[in-house]
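Note that the protein sequences, when read in sequence, are chains A and B.
UniProt numbering applies: residue 1 is where the first sequence begins, and numbers increase by one.
UniProt numbering applies: residue 1 is where the second sequence begins, and numbers increase by one.
Hints were generated in silico from the structure; no laboratory data involved.
Keep in mind that a hint or two might mislead.
When chains are identical, the list treats them as one kind, so a pair holds in a single copy or across two.
What the hints assert, rightly or not - For lysine to aspartate or glutamate, the following DMTMM-like pairs were computed, each having C-alpha atoms within a straight-line distance of at most 20 Å:
#	residue 1	residue 2
1	183	199
2	220	65
3	220	339
4	184	217
5	3	22
6	220	61
Here is how the chains run, residue by residue.
There are 2 protein chains.
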Amino acid sequence: MVKSRQWILANKPTALPTLTGDTPTFKLSETDLPDPKEGEVLVKPTYISNDPAQRGWISPEAHPDRLYVAPAKTGEPMPARALAEVIESKSNDYKKGDWVFASAGWTEYAVLPAKALQPVPELEGGLSKTLYLGALGGTGLTAYFGMLDVGQVTKDDIVVISGAAGATGSMCVQIAKKLVGCKKVIGIAGSEEKCRWVEGLGADLCLNYKSSSFAEDLRKATPGPDEFANVYYDNVGGEILDLMFTRMARHGRVVACGAIANYNSMSDRATGLKNWFEVIQMRLQIRGFIVIDYLHRANEAREAFQKMLKEGKLQIEGGEHVVKGDFEEIPKTWLKLFEGGNQGKLVTEVARL
Amino acid sequence: MVKSRQWILANKPTALPTLTGDTPTFKLSETDLPDPKEGEVLVKPTYISNDPAQRGWISPEAHPDRLYVAPAKTGEPMPARALAEVIESKSNDYKKGDWVFASAGWTEYAVLPAKALQPVPELEGGLSKTLYLGALGGTGLTAYFGMLDVGQVTKDDIVVISGAAGATGSMCVQIAKKLVGCKKVIGIAGSEEKCRWVEGLGADLCLNYKSSSFAEDLRKATPGPDEFANVYYDNVGGEILDLMFTRMARHGRVVACGAIANYNSMSDRATGLKNWFEVIQMRLQIRGFIVIDYLHRANEAREAFQKMLKEGKLQIEGGEHVVKGDFEEIPKTWLKLFEGGNQGKLVTEVARL
Numbered sequence: 001m002v003k004s005r006q007w008i009l010a011n012k013p014t015a016l017p018t019l020t021g022d023t024p025t026f027k028l029s030e031t032d033l034p035d036p037k038e039g040e041v042l043v044k045p046t047y048i049s050n051d052p053a054q055r056g057w058i059s060p061e062a063h064p065d066r067l068y069v070a071p072a073k074t075g076e077p078m079p080a081r082a083l084a085e086v087i088e089s090k091s092n093d094y095k096k097g098d099w100v101f102a103s104a105g106w107t108e109y110a111v112l113p114a115k116a117l118q119p120v121p122e123l124e125g126g127l128s129k130t131l132y133l134g135a136l137g138g139t140g141l142t143a144y145f146g147m148l149d150v151g152q153v154t155k156d157d158i159v160v161i162s163g164a165a166g167a168t169g170s171m172c173v174q175i176a177k178k179l180v181g182c183k184k185v186i187g188i189a190g191s192e193e194k195c196r197w198v199e200g201l202g203a204d205l206c207l208n209y210k211s212s213s214f215a216e217d218l219r220k221a222t223p224g225p226d227e228f229a230n231v232y233y234d235n236v237g238g239e240i241l242d243l244m245f246t247r248m249a250r251h252g253r254v255v256a257c258g259a260i261a262n263y264n265s266m267s268d269r270a271t272g273l274k275n276w277f278e279v280i281q282m283r284l285q286i287r288g289f290i291v292i293d294y295l296h297r298a299n300e301a302r303e304a305f306q307k308m309l310k311e312g313k314l315q316i317e318g319g320e321h322v323v324k325g326d327f328e329e330i331p332k333t334w335l336k337l338f339e340g341g342n343q344g345k346l347v348t349e350v351a352r353l
Numbered sequence: 001m002v003k004s005r006q007w008i009l010a011n012k013p014t015a016l017p018t019l020t021g022d023t024p025t026f027k028l029s030e031t032d033l034p035d036p037k038e039g040e041v042l043v044k045p046t047y048i049s050n051d052p053a054q055r056g057w058i059s060p061e062a063h064p065d066r067l068y069v070a071p072a073k074t075g076e077p078m079p080a081r082a083l084a085e086v087i088e089s090k091s092n093d094y095k096k097g098d099w100v101f102a103s104a105g106w107t108e109y110a111v112l113p114a115k116a117l118q119p120v121p122e123l124e125g126g127l128s129k130t131l132y133l134g135a136l137g138g139t140g141l142t143a144y145f146g147m148l149d150v151g152q153v154t155k156d157d158i159v160v161i162s163g164a165a166g167a168t169g170s171m172c173v174q175i176a177k178k179l180v181g182c183k184k185v186i187g188i189a190g191s192e193e194k195c196r197w198v199e200g201l202g203a204d205l206c207l208n209y210k211s212s213s214f215a216e217d218l219r220k221a222t223p224g225p226d227e228f229a230n231v232y233y234d235n236v237g238g239e240i241l242d243l244m245f246t247r248m249a250r251h252g253r254v255v256a257c258g259a260i261a262n263y264n265s266m267s268d269r270a271t272g273l274k275n276w277f278e279v280i281q282m283r284l285q286i287r288g289f290i291v292i293d294y295l296h297r298a299n300e301a302r303e304a305f306q307k308m309l310k311e312g313k314l315q316i317e318g319g320e321h322v323v324k325g326d327f328e329e330i331p332k333t334w335l336k337l338f339e340g341g342n343q344g345k346l347v348t349e350v351a352r353l
């Protein structure tokens with residue numbers, strides 16, 4: 001029997017999740033795990049994926065008829081994807097020391113059926129296996145299918161990408177510029193430092209949305225009919241989306257991938273979309289999407305990324321932000337997502353015992 | 001030489017257009033028209049089309065790079081489409097007494113080149129030629145291509161139509177139910193009387209958005225996964241669009257045709273769109289469109305409507321709201337569009353001299 005600490009979803013948050021006050025979002029708890037039975041495996045989630053999407057899973061508004069996954073339940077560990085180490089195995093499929101993909105949530109240990117796990121393949125060239133949580137995992141697939149299938153980008157397009165220094169956005173920039181070869185790629189990010197990094201990834205230009213001149217900078221970067229944006233890959237929603245409606249070319253496409261600007265103001269979203277008429281007058285096409293609809297085509301993306309890596313077209317450096325810390329630090333690290341505190345994929349590395 | 005009164009665009013309105021105060025939107029004026037020259041025709045616009053879209057043409061925000069027509073100019077007659085009578089002709093193409101389509105604007109008379117006019121064909125079955133401004137004109141084409149081409153509706157779809165008692169909406173209802181045979185057609189309109197009329201057109205149900213129970217009524221009409229809306233044909237924007245995001249089925253399609261709820265609050269739109277995340281989680285597709293992109297296929301729609309008429313599937317009765325009045329009444333009649341004062345197509349018949 002193993003004792004396991006767990007971060008339990010205590011109260012579904014209506015605003016920014018909190019660890020304090022009368023209704024903390026998460027509570028640290030401890031439980032005794034049963035020994036693994038035949039076909040089960042005891043794992044330790046070591047590298048935990050931090051995703052803005054998790055905020056949606058714990059919203060009180062999340063409804064099983066509407067959300068693309070089962071909404072999280074209070075009293076249970078906060079759901080999360082992770083790379084986990086096999087500690088003890090009662091399955092022929094895995095042995096102690098193996099690495100597996102496990103959706104175990106914020107728990108120190110978990111006993112899971114072997115069939116709920118997937119093996120983590122070795123990566124060539126000394127690359128970190130944590131890339132499977134980001135560039136080579138769901139995040140990379142999101143960028144790939146969002147850009148190519150949903151956005152249908154071509155080399156003739158001018159593409160704007162928000163959240164460009166984030167996990168998905170930084171992959172989008174590279175796919176648009178280095179895989180497709182788009183005419184112009186404009187990133188939007190939250191600091192000068194992030195913007196310079198995004199330009200280093202291949203963006204022709206990256207604009208700091210926290211600058212007082214942002215609206216004007218965006219206007220100058222997309223100044224008229226031949227230079228309006230053909231594709232806007234939206235990771236943020238809110239005011240930037242609203243502003244982008246005014247910078248889209250006729251028949252432009254908006255890839256609605258994320259809306260982090262709204263995630264913490266579910267109940268009282270002060271910022272709506274005011275420029276809706278642009279959608280009509282410019283005949284825009286907006287498509288919301290969730291990467292799970294594309295998982296059956298994952299190999300297509302992975303092969304493209306392997307090829308990009310070989311050709312030196314996929315920059316991995318700086319695209320991962322790994323925070324090492326004790327198990328107790330997990331929620332604090334996750335909250336960095338909503339503070340703009342990370343560059344690229346935010347991964348929590350839980351300290352070994 | 002003919003004297004002609006004209007309603008001049010005096011000030012571009014930032015809110016509801018007004019005829020009074022320091023900055024009236026329109027001013028009545030009088031001008032001397034030159035005699036028609038060779039190839040020109042003197043016409044009298046008699047049946048004037050009243051369209052919500054005209055509000056967009058006179059907005060101070062309307063920009064030639066963004067709007068789908070040249071924005072209206074102050075000091076010139078308010079633009080409008082009309083059926084006009086030929087008073088005097090210096091062209092071999094038209095003779096006195098002919099009826100023509102003329103985009104002459106709010107003017108009592110106009111001298112126009114013959115090539116800027118199109119003949120108005122006779123209608124069989126004693127139908128009024130004013131139908132060419134509505135059901136059999138741009139409005140009908142808007143409904144037809146919006147529903148079939150943009151919305152891609154099929155008989156398996158549950159379709160919701162806002163502004164269902166309006167010119168476009170009332171055609172949408174009939175196309176969805178009587179041409180396509182959709183599984184369920186739900187209208188949204190602004191009074192119980194309008195709703196009963198919409199149901200008479202073929203809607204399975206029509207909901208009054210002014211009722212205090214509207215949100216709940218809409219929820220009940222689209223209660224769950226198998227009964228969420230597959231297609232939403234949006235003529236209104238604003239709060240109803242925002243609410244509809246929460247009632248759409250996975251992979252549902254939104255046809256963004258109009259946003260009358262926003263047209264008079266361009267500068268300070270209090271109501272934004274707060275349920276944007278639904279676009280992502282339900283993988284919605286939204287397509288803005290303008291009928292001018294489909295004019296080259298107009299015959300396809302006209303033939304379909306003729307067939308529907310012959311088969312008794314297109315109800316014309318009650319679908320036209322003709323207001324007869326003196327030339328001076330034109331703006332007042334047009335403003336009915338924004339008061340919900342009309343059912344079906346609103347046409348102004350300018351009294352003969």
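**Study point:** Violated hints - listed by number, lowest first
**Key:** Numbers 3, 5, in rising order.
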